[in-house]
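Colleague: Here's the letter readout for the chains.
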Amino acid sequence: MDLLEIKNLSHMFGGLKAVSSLNIKVKAKMIYGVIGANGAGKTTLFNLITGIYHPTEGQILLDGTSLVGKQSFEISRLGVARTFQNLRLFNDLTVVENIHVGQIYHRKLRKVKTKDLKAKIGSLLELFGLDSRAEDKAGNLPYGMQRKLEIARALATEPKLLLLDEPAAGMNPKEVQGLVSLIKEVKRQYCDITIVLIEHQMKLVEGLCDYATVMNFGQVIANGTVKEVQHNPIVIKAYLGETEVG
Amino acid sequence: MPISKSFSPVKVIVLLLTMIVLFTLPFLVSSFILRIATGIMMWIGLALSWNMLGGYMGYISFGHGASFGVGAYIAGMLMTQLHLPFFIALIIAGILTYIFAALVGYPTLRLSGSYFAIGTWAFAEMMRQLVLVLSVTGGAEGLRLPPMLNDNFFYFVMLALALIVFLVAYLFFENSDFGLKVKAVREEETAARTLGLNTTWIKNQVFSISSMFAGIIGGAFAYWITFIHPDSVLGPLIADQMVIMVLLGGIGTLFGPILGAIVLYVGNQYMLVMWGQSSAYLIILGFSICLVILFLPEGLLSLPRIIKRKGSFSRLIQQKNQVSK
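First to last, the protein sequences are chains G and P.
Quick note on our numbering: the first sequence kicks off at 1 and runs consecutively.
Quick note on our numbering: the second sequence kicks off at 1 and runs consecutively.
No lab work stands behind these hints: they were computed from the structure.
Hints are not guaranteed to be accurate.
Unchecked claim - Only pairs whose alpha carbons sit at most 27 angstroms apart, straight line, appear in this in silico BS3-like list of lysine-lysine:
(1) G:LYS137 / P:LYS310
(2) G:LYS137 / P:LYS308
(3) G:LYS187 / G:LYS29
(4) G:LYS111 / G:LYS29
(5) G:LYS160 / G:LYS7
(6) G:LYS120 / G:LYS184
As the list claims (entries may be wrong) - Quick list of the computed label-pair ranges, beta carbon to beta carbon:
(7) P:SER302 / G:SER10: 45 to 53 angstroms
(8) G:ASP2 / P:LEU111: 34 to 42 angstroms
(9) P:GLN318 / G:GLY39: 51 to 59 angstroms
(10) P:ILE118 / G:GLN71: 21 to 29 angstroms
(11) G:GLU228 / P:SER302: 58 to 66 angstroms
(12) G:GLY64 / P:LEU84: 55 to 63 angstroms
(13) P:GLN318 / G:PRO142: 27 to 35 angstroms
(14) G:VAL68 / P:SER114: 28 to 36 angstroms
(15) P:LEU163 / G:ASP2: 53 to 61 angstroms
(16) G:PRO142 / P:MET274: 50 to 58 angstroms
(17) P:PHE295 / G:GLY39: 38 to 46 angstroms
(18) P:PRO107 / G:GLY39: 28 to 36 angstroms
(19) P:ALA280 / G:GLY39: 53 to 61 angstroms
(20) G:PRO173 / P:ARG305: 37 to 45 angstroms
Said to hold, decoys possible - If we take Cβ atoms under 7 angstroms as the criterion, some of the chain P residues that face chain G in the derived model are:
(21) LEU180
(22) ALA184
(23) GLU187
(24) GLU188
(25) ALA191
(26) THR194
(27) GLY196
(28) LEU197
(29) ASN198
Ideal Cβ placement from N, Cα and C applies to all residues, glycine included.
Take these sequences, add in the hints, and give me the full structure.
Modeller: Here it is in structure tokens:
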């Protein structure tokens, strides 16, 4: 069963076609990678899914429900959560408050008790190693922790689909290793969740993703398992160029 | 997460004493002082209402004076032309200002930052010109309300209004999920939307609620002063003073606007008494706001904290020197 289905999606910025006739199918419960060079249209794709931009053409279906034309908050309430490439935390609020904002709508939706919500925040803090900084302002956290907090905040909305926009940006190789095991742990604890992540670093994609799509200039140039994609001649051409440098 | 603040015995005693002083004040002081106290209460209410929008939500409005003036004119017209009793006129003024603000907020809240400030300021100026040319409002002649010469009455009205605004700020903006949503809009609107918050609705609510309080206070002011004129209730200085009071005391805090309102209003009245109607007030006002923004960006409320930090810093240096000796 496809959780996310994108059909023939296009988006124009003036005369520039940022995303063009894109087709992607993401099966439920998998970790899916979207790979591509800068400017390939990956973040635009996320902005289209989450309703920050409205597509010029095409269809986005979540569990069969169309997301096109819906506003960001409505899409979030349908079960899509995301992080941002350039962090967008509530800097002047504490770590706990940041996570709690993610829960506000969720509580109304399912009538969860306050006690359970607090327990939920506690388990998120523990999972992401933020418990010692719980009452600190988000803006005062070190960069790596801010990245983790953004993922924790997104998870607080109990999403079906989690979109991670370059979660490893600005991290050193050791931190990337930590992130890989963290995302695996998230997947283990939230077994029903589907994760789509945008990434440059092959190491992370290799370690995590079941399946990947490679984008270049707004178009899909390859689909398949990570191994298949890595050995696809078109991908190699797009990444490394075709003529030999003498 | 709403942080439950525990009430220590000291806090309760301070609160009780403040209440006792506030409620017995008319029987303790002269009518001159009482009129100043009434003015302080009015400005506390206004500064707190502006702080809901500018402080908690981060939308700096220079048009909040328009809500004050619109409320004053609606209450005034209801009392003079329909001969409604004061409290009913006040309630209707509040409801109509709320609706008025919701309509104004719809286009202006799409702007942000300085564009929002300019947009609201332009709207307020438009209202002043409109009231100046309409005949139902009395135009440039102003509007004369039935006089009611009871200082105690107005003191208690303004006190009650200030307390209500304070309670709303405390309950809904400081300690609730609603307040957290509002602060999330201030910190990162896009992120708030992707977490399921309908930011358009939240922004419009905050704008309308804060304007409603300004409108109700405006209505009470009209009856207190008995004569209103476009320049006296719709002039730019009304909104400017609210902004400056909040900045002076501490923006986005609960007690900052109160402190700012007291300091600025008392200073203003003092100058009025000493020098008469003088534009020196405006010069000092401008100069003091420059100083506050440069040296105390978090307002007077942060002063004790800064002094304490400086103190501990110099102590630290002393200790270090002793160790190195």
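Colleague: The structure should be examined with respect to each hint, and the outcome stated for every one.
Modeller: Checked hints:
1. For the given pair, G:LYS137 sits about 22 angstroms from P:LYS310 by alpha-carbon distance, which is consistent with the 27 angstroms threshold.
2. With a C-alpha separation of about 21 angstroms, the suggested pairing of G:LYS137 with P:LYS308 holds against the 27 angstroms cut-off.
3. Proximity of G:LYS187 to G:LYS29 is assessed by CA-CA distance (about 9 angstroms); at most 27 angstroms being required, the pair is judged to hold.
4. About 25 angstroms separates the Cα atoms of G:LYS111 and G:LYS29, which keeps this hinted pair within 27 angstroms; it holds.
5. At roughly 20 angstroms between alpha-carbon atoms, G:LYS160 and G:LYS7 fall within 27 angstroms of each other, so this suggested pair holds.
6. Proposed proximity of G:LYS120 and G:LYS184 is supported: the alpha carbons are some 19 angstroms apart, at most 27 angstroms.
7. Our hint of 45 to 53 angstroms for P:SER302 and G:SER10 holds, since their Cβ atoms are close to 51 angstroms apart.
8. Remark: the range hint 34 to 42 angstroms for G:ASP2 to P:LEU111 is upheld by a beta-carbon distance near 40 angstroms.
9. Taken as a hint, the range 51 to 59 angstroms holds for the pair P:GLN318 and G:GLY39, whose Cβ atoms sit roughly 56 angstroms apart.
10. A hinted range of 21 to 29 angstroms for the beta carbons of P:ILE118 and G:GLN71 is consistent with their spacing of about 27 angstroms.
11. Separation of G:GLU228 from P:SER302 is about 59 angstroms and conforms to the stated range, judged on CB atoms against 58 to 66 angstroms.
12. A hinted range of 55 to 63 angstroms holds for the C-beta pair G:GLY64 and P:LEU84, which are about 57 angstroms apart.
13. Between P:GLN318 and G:PRO142 the Cβ separation comes to about 31 angstroms, which falls inside the hinted range of 27 to 35 angstroms.
14. Range check, G:VAL68 to P:SER114: Cβ separation about 34 angstroms, and the 28 to 36 angstroms hint holds.
15. Look at P:LEU163 against G:ASP2: about 57 angstroms separates their beta carbons, and that is inside 53 to 61 angstroms.
16. For G:PRO142 and P:MET274, the Cβ-Cβ distance of about 54 angstroms falls inside the hinted range of 50 to 58 angstroms, so the restraint holds.
17. For the pair P:PHE295 and G:GLY39, the beta carbons lie near 45 angstroms from each other, so the given range of 38 to 46 angstroms is met.
18. Checked against the hint of 28 to 36 angstroms, the pair P:PRO107 and G:GLY39 passes, with Cβ atoms roughly 35 angstroms apart.
19. Taking the beta carbon of each, P:ALA280 and G:GLY39 are about 58 angstroms apart, inside 53 to 61 angstroms as hinted.
20. At roughly 41 angstroms, the beta-carbon separation of G:PRO173 and P:ARG305 lies within the given 37 to 45 angstroms, and the hint holds.
21. The closest approach between the C-beta of P:LEU180 and any C-beta of chain G is roughly 6 angstroms, which is under the 7 angstroms cut-off, so the hint is satisfied.
22. Taking 7 angstroms as the C-beta contact cut-off toward chain G, the hint placing P:ALA184 at the interface holds, the least distance being around 5 angstroms.
23. Among the interface hints, the one on P:GLU187 holds; its C-beta lies about 4 angstroms from the nearest C-beta in chain G, closer than the 7 angstroms criterion.
24. Nearest Cβ of chain G to the Cβ of P:GLU188: about 5 angstroms, under the 7 angstroms cut. The hint holds.
25. A hinted interface residue such as P:ALA191 counts as satisfied when its beta carbon comes closer than 7 angstroms to some beta carbon of chain G; here the least separation is about 4 angstroms, so the hint holds.
26. Checking P:THR194 against chain G: minimum C-beta separation of about 5 angstroms stays under 7 angstroms; hint holds.
27. Because the closest C-beta pair between P:GLY196 and chain G is about 4 angstroms apart, less than 7 angstroms, the hint holds.
28. Checking P:LEU197 against chain G by beta carbon gives a least distance of about 6 angstroms; that is within 7 angstroms, so the hint holds.
29. Hint on P:ASN198 holds. Least Cβ distance to chain G is approximately 5 angstroms, under the 7 angstroms limit.
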